[in-house]
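Those protein sequence lines, which keep their order, are chains A, B and C. Reading the first sequence from the start, the letters are residues 1 to 310 in my numbering. Reading the second sequence from the start, the letters are residues 1 to 362 in my numbering. Reading the third sequence from the start, the letters are residues 1 to 334 in my numbering.
Hints in this document: simulated from the structure, not taken from any laboratory. Computed from a predicted model, the values in this text were never measured in an experiment. There may be inaccurate statements among the hints.
For the chain C half of the interface with chain A, some residues (derived, Cβ under 7 Å), not all of them [said to hold, decoys possible]:
| hint | residue |
| --- | --- |
| 1 | Ala30 |
| 2 | Ile118 |
| 3 | Val302 |
Cβ coordinates follow ideal geometry from the N, Cα and C atoms, glycine included.
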Amino acid sequence: MPEPTAATATPDAPGIDVSASLGGDAWRRLRRRPDVIVSAVVVVFFAVMAAFPTLFTSTDPQRCVIGDSKTRPQGLGATHPLGTDVHGCDMLAQLVHGSRPSLLLAFVVVGASVLIGVLLGLLAGYYLGWVDTVVSRTVEVFLVVPLLLAALLLLSLFRNVHVGSGAFDVILLPALVLTLFGWMGYARYVRASTLEAKNLDYVTAARALGASDLRIMVRHVLPNAIGPVTALVPTAIAGVISAEAVLAFLGIGVRPPAISWGIMITNGAEWVTGGYPYLLLFPLGCLILTVLALVVLGDALRDALDPRLR
Amino acid sequence: MEIDISGAAEPGAVGDEVAQGDRPARTAGATLLEVEDLAVEFRSDDGALRAVDGLSYRVEAGRTLALVGESGCGKSVSSLAVMGLLPPTARVVRGTARYRGTDLLGLSPTKHRAHAGTHVAMVFQDALAALNPVHTVGYQLTEALRVRSGTSRREGRRRAIELLDLVKVPNAAQRVDEYPHQFSGGMRQRVMIASALALDPDVLIADEPTTALDVTVQAQVLRLLAEIQAERQMGLVLITHDLGVVAGVADEVTVMYAGRAVEHAPVHDLYARPAHPYTRALLRSVPRLDAVGDDRAVGGRLPVVPGRPPAPGRVPPGCPFHPRCDMARDVCATDVPPLDDVAPGRSSACFFAAELLGGVRA
Amino acid sequence: MGRYIFRRSLLGVATLLLVMFVLHLLTTFAIQLNGNPALAFFGERVPTAAQLAAVETRFGLDDPCYDQTGNPCLGPFAERLGAYAQGDFGTNLRGREVTDIVATAAPNTLKLFLVVTIVWFLLGMGLGTVAARWRGRSADHGIRLTSVLIDAFPIFVLLLVYRYVFAVPLNQWATETFGAESLPALWFRPSFDDDHPWATLLVPGILLGLAGSAAFIRLVRASQLESYTGDHVRTARSRGLTERHVVVHHVVRNSAVPVVTAVGLTFTEALAGAVITEGMMNIYGMGGVLWEAVRGTDVALVLGVVTILAAVTVAVMLVVDIAYAALDPRIRYA
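With the hints as constraints, model all of the structure from the sequences given.
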């Protein structure tokens, strides 16, 4: 039995406003946290570096003078502020230019995975029936093969395929493989929230009023499903960045002569005990800093979007 | 069917701090629980929010008190405070809740907990959520009995079946081993009631026990509750937003608004002549049980109380009800009307209660 | 319950078949794109025609379908399934049976997993329970900060730093202080030693467990928080049960359901982590074999091991499903 005053003069705010205000609420909460601001600055800094490397260094990373090899860091203003590597290439230039494949790969993989996951999850949750059966089965099949194992198998198979050396070309294969085995989580989340949102009263009402499936999905169901997915994104980007490092370590990630943080870490690791720890520590530091910032952002988003967990 | 709980504690069994057998018999009319000037606050980002503000009521053996009000008026929070079950964000800032003279709110959490179940027990609204999905009904019915009185597993099962019989669940011997999700809504609520009765409490607080149920099932569950209460001479506190539910069951009614009691009266007086505009508005908005046949109010729409109750922390100055009140005058916006006696056994927190009782309708 | 297990098992087998088919398709596609497939097996060397033909025959690559891009090669797939059914997972480049390699490598992986599981359980259940119990207090904040920090150091980074920065000096110190064959010296040995599997597995296992524990801590905390605020916990309290009894029988017991499910999902992650760990620490386990196979371009071995690991994953998920049903009657009677 409804409460006696349920039919009050002001009707309940429609659900779409509720979700919008939830987003606004989360945004206000995030802005107040200093750790979030610092993390965001770090991520933006490296993103700018990846997008416009020439802002940070004018040295060509591929111009290596073997005679200058393993020059120790010389400090700001010098020819090699962060020293040079084994082949005499400038560390700063390598770090700056190496950020591009690492970050580009991460953004491309996560972006594509989210797109595929959201689309399939939405369709499966909305139409159910055979669409859902196909999607759910596919999700299960791909979940059985761990991302890294699939990457190992496929990238070692494709090792000899030549794809070119443009910014996208060097990351093409890892991007394809990581996306192929990385979309399932989003599909599951979106499917679950679609199922939930589909039966909300205002969605039923919209359907009764003759709104098209597409309109209902985009206007009513999707806004509800975006929340949990958003919280996954920063952590996923961090995951791809470290996966790139692993693949580079095995020689099946981004291909030399292109530079990535992963490749720099791999090359630098051997020289730590030889007395040149900075060869490892600079790229590793960049990687950890970026990953840490992303993880903090992800954690904060999770909190903000699910206040019950605070 | 009567269950002899006092015999449950076997001699030498590990007993509670408050043993089962040491309390006096319930004589009709004896005061069991007396809540006085209770105030509860919630912590929030915007500072402390007063959810209950100066609530008082008394529960007597064999009598039923109804706490009535819209959701958010503090009726549930006040009973959680009495039970010692407030969430961590809430705390009692003032007042007492005396059970047979002992102030429960002044006890340590552990001692307070020992009173829960044995002396004051509670029936919750949504039995599906309020029963643990992973334990059998039989386990949950007698969990407290076994843990607190050391009753054996076999004896516990026997008692669980008795309890299910008591609340008229058919096939009790078989259903005792089933899980809550296997029961229908009405049957689940009966299980909920049975589990509250397991320790034979003096006072039973039922928080919206029938809200989640179909109308026909509601009536059955209410009747059951009333029967058991009369048979055992328990004190019953019935929390509800539905004045229609109250009519057949309660002896007295306390109407709450924005954390305060605004009217208290014997049930028939309240129905005949409400002494507070809020009560009057509530009564008008409820289809009368004695007029059920004619499909709500004849020849018109069911009137509603205009506006909505204030959120805690947004309670307007003066009488909290004045923005929604059709009798409001200037004084209502500035002064808080006290809960004063307006007739024998009745009190009202309205400056114009006398007018209402005198039959003057605005 | 019996019928439930049967149904789940059938589903598991179906999933596994699909997984094998997907792997087969991807492999086939890769081979078709790569041009002459057998050539890949020789790496940098240039084989003679006879060598090439021998390799093609050995790996069943002589089927003409491998030369037609887009052909799903169903024939070889059926053959391979038949071979799998007889326990034949192929051979590595040197002609050693994959099953034989896996059989000798698996015990070390199991040992590693045991260490990982113990670390998970101790950290996850321990810290998660503490954080939930004292929510909002300093213990909770500390634990949440810890879990974020753990997340920021993926297993690869942890191992890299450990192996290249810490292991050598630590090992040196332990050798000088306690002797070369002492336990501490073995703990910090930067690579696996078959004579002392437990001692040399310990640190990598702890690191792997640590890296995976963040998600676990969060999950245990979240599910227990949900239980704490759950109506049924309030009911249990209202019956006068002590807080300890309520926590054990209603909070922890109920939160076991999502936690068990998560074990299944994190298993695949742990498997990937095991590959990295075993590879980087030279542990002779299934992951180590796989790692070396990737480095040595031994595609047949990679395929065999991945297939076996997929089968193991399906089995683990089946067990998790059954445990889930055993823990939650709502699933059991659905």
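Going through the hints against the structure:
1. For alanine 30 of chain C, the interface hint holds, the least distance from its beta-carbon to any beta-carbon of chain A being 4 Å, beneath 7 Å.
2. Proximity of isoleucine 118 of chain C to chain A is violated relative to the hint, the smallest CB-CB distance being about 21 Å (cut-off 7 Å).
3. Residue-level restraint check for valine 302 of chain C holds (minimum Cβ-Cβ distance to chain A is 5 Å; threshold 7 Å).
Comparing the model with each earlier hint shows a violation of hint 2 alone; every other hint is respected.
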